[in-house]
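> Now for the letters of each chain:
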Amino acid sequence: MLFPPRRTSPWLEYGLALAIFGVVSLVNLWLERWIGYEAIALVYLLAVVLLALFVGRGPILFGTILTAVGWSVVFAPPRFSFQIGSFYDKMMFGMYFVVALTVGQLTAQLRAERLAEHKREERSRALYWFTRELANAADRMDILHRLLSQVREVVEAESAHVFPADPPGGALKLADAGSLAVETQLALATQAHQQNRIVVDRNPPPPNSAVLYLPLTAGGPSEGVLAVRFKTSQALDADRQDLLENFARQAALVLDRQRLRDAETRSRLLIESERLGRTLLNSVSHELRTPLAAIATAAATLRDSGGLSPIQQKLSSEIDFATIRLNRVVQSLLSAARIQSGQVRPHLDWCDLSEVVRTTLRELSPLLARHQTQTRLEAPVPLIRADFILLQQALGNLLVNAATYSPPGTLIEIMARAAGGELVLEVADGGPGLPADQLERVFDRFHRPPGSKPGGTGLGLTIVRGFVEAQGGRVLAQNRPEGGARFSIYLPVQEAPKISEEPSEN
Amino acid sequence: MQRLLTIALEAAGYRVTAVGTGQEGLQTMAYHRHDLVILDLGLPDLSGFSVLKQLREWSQTPIIVLTVQDAEADKVEALDGGADDYVTKPFNTAELLARMRASVRRANGAQSREPVFSLGDLKVDLAARRVTLKGAPVKLTAKEYAVLRLFIAHAGKVLTHRQILREVWGAGHENDTQYLRVYLMRLREKLELNPDAPLFLTEAGVGYRLAEGE
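If you read the sequences in order, they're chains A and B.
When we follow the numbering used here, the leftmost residue of the first sequence carries the number 1, and every step to the right adds one.
When we follow the numbering used here, the leftmost residue of the second sequence carries the number 1, and every step to the right adds one.
Treat each hint with caution, since some may be false.
Straight-line distance between alpha carbons at most 30 Å, and here's what the computed DSS-like set of lysine-lysine pairs gives [stated by the list, open to error]: (1) LYS314(A) / LYS89(B); (2) LYS139(B) / LYS498(A); (3) LYS143(B) / LYS123(B); (4) LYS134(B) / LYS123(B); (5) LYS173(A) / LYS231(A); (6) LYS498(A) / LYS89(B); (7) LYS123(B) / LYS190(B); (8) LYS190(B) / LYS139(B); (9) LYS498(A) / LYS143(B); (10) LYS123(B) / LYS139(B); (11) LYS134(B) / LYS190(B); (12) LYS119(A) / LYS231(A).
Everything labelled a hint here was simulated from the structure, so no lab data went into it.
Please work from the sequences and hints to get the whole structure.
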């Protein structure tokens, strides 16, 4: 039995000693006529040894004294007096005393050790079962449930409750919409949790009960608090507290391991889904682009080939333009998808901004044909660490927007300057500008300004922001005081490594 | 794509052998001499890079690769792996033809035999190491001239950042792109008078190309 009922009261044991003495003495009185008074001492000795199997040390001592004195008084000559006659008998008395005492004490000790051993074994077994139970738990909630059921069963508590803390070391939560009693426990539980030590409450309501708060920790941050209520204050003794401490430590280890397992599963799922997304994106990209490329190439070749009638020429031009547009749309969708799934990997290298601007302008010159463009790059324009292509596409989208939303013939300005550790690249147009309340939202996916012509994807600015942010920059939309919109790309400026100069020649 | 190209190229006067897989391509090249190879990087069987590598092991025939958009890393890898030039799908055939001409010209060594290179207002006397713009002499530093000469030797063909840096500054400077940007900026300042007629064309994310004379 793990927690044997309280040991028999000392009075009972002394009483038992006395009773045994009495009974054995009577038996001895009857036995004397056959075995003589010396042998009687041995019978008494036997009685004391047997007594030692049942009582503690004190009562054994009492029994020893009783039997010794009883023998000397009743049986040793002269009988019925405290005196002992012969020296031989005195010696016997002394040795009897020593032997009875020693044997008695040893036997009692043996018994006590056996009881202790038994208890240890029981506790080990309880802990083993407990660990097994927890190890079989499926998830965090299951662990806590099993913890509670084990606690209630093994320790014979009146009730048990767990306040989990997630993340470990964080604030405690009520695992279920608790009763009032449970809520009042929260304060002491929090104390146990934050100070990482056991708190004992011997005066909770209702009176004479006791509540034990154990932080669930194996040396690290506490995963929560186990609150165990005992019906009586005495029921919460050192043994139970010790066992509960072990339970708490064990539970903490299991909870910690579960948390790691959960994190690993989540991480694995994330990697899988990312991989799936990437594969999907790649295959969609390929499937869309391949036929598109075939159409575009055929259309371009057709357009460039001689011998077409004017109508055929016009038609082939139409195909060409439409294909270019379709290509841009597909490109935008795929770029937006890549940004969305975090697959944009900028290839940062030193870039000459004027080169970026020039290349972009050249590439988009047909689209910008109906506007004037002016480039103003404040010298000296530092080399910036950027992804040429991403930056080119971002700038390109801004320019296309400017051309789309401002009337033909107006000016589109491109400006660059260094400001406070950043490089600012701006595109400003002479159009109507942006509605003041949408300066943030224009960058949202599929946002179209109200009343705009059909035919855009609404992704242009989203892509600008995605590409710029992937390079560590940011983009801002504003309205100019003189009218029109201004988009500013801010990019961090780093110190470029020195170029070793050489003398002029030739 | 195969049919398309065959038609277009034959129309331009070339004789075309078209194959559908890398394996067939390698075999064809092994048995017959060709002046130029157009290699699509997205081949069904072997990867285009593998075909490129194998071909370059025993052939110096100019190779132009077909790539897709947003595949700059592929382009650079192909060029570093021995391809002479690339064309991005979708492309117009005029562009492809121009690059084919440039590659073949380079392969035939025609360029290197010309003592004087001229492009628009620019004239470079390679023997005398003299550069003139509209007749007026231009002062270039040693490295600037080296870059110019490299471009002239590969006129019309693309050169990757790494190739230029390696040839002019040495293998240890292959990744010092800042040099390239600064020197290109200076060369442009000195040699490109007309912004609408650029000399040095930027191939975004890949490298540079000297514009073609004709």
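> Taking the hints in turn, state whether each one holds.
Taking the hints in turn, this is what the structure says about them:
no.	hint	result
1	LYS314(A) / LYS89(B)	holds, 23 Å
2	LYS139(B) / LYS498(A)	holds, 23 Å
3	LYS143(B) / LYS123(B)	holds, 18 Å
4	LYS134(B) / LYS123(B)	holds, 8 Å
5	LYS173(A) / LYS231(A)	holds, 25 Å
6	LYS498(A) / LYS89(B)	violated, 38 Å
7	LYS123(B) / LYS190(B)	holds, 13 Å
8	LYS190(B) / LYS139(B)	holds, 8 Å
9	LYS498(A) / LYS143(B)	holds, 16 Å
10	LYS123(B) / LYS139(B)	holds, 13 Å
11	LYS134(B) / LYS190(B)	holds, 12 Å
12	LYS119(A) / LYS231(A)	holds, 23 Å
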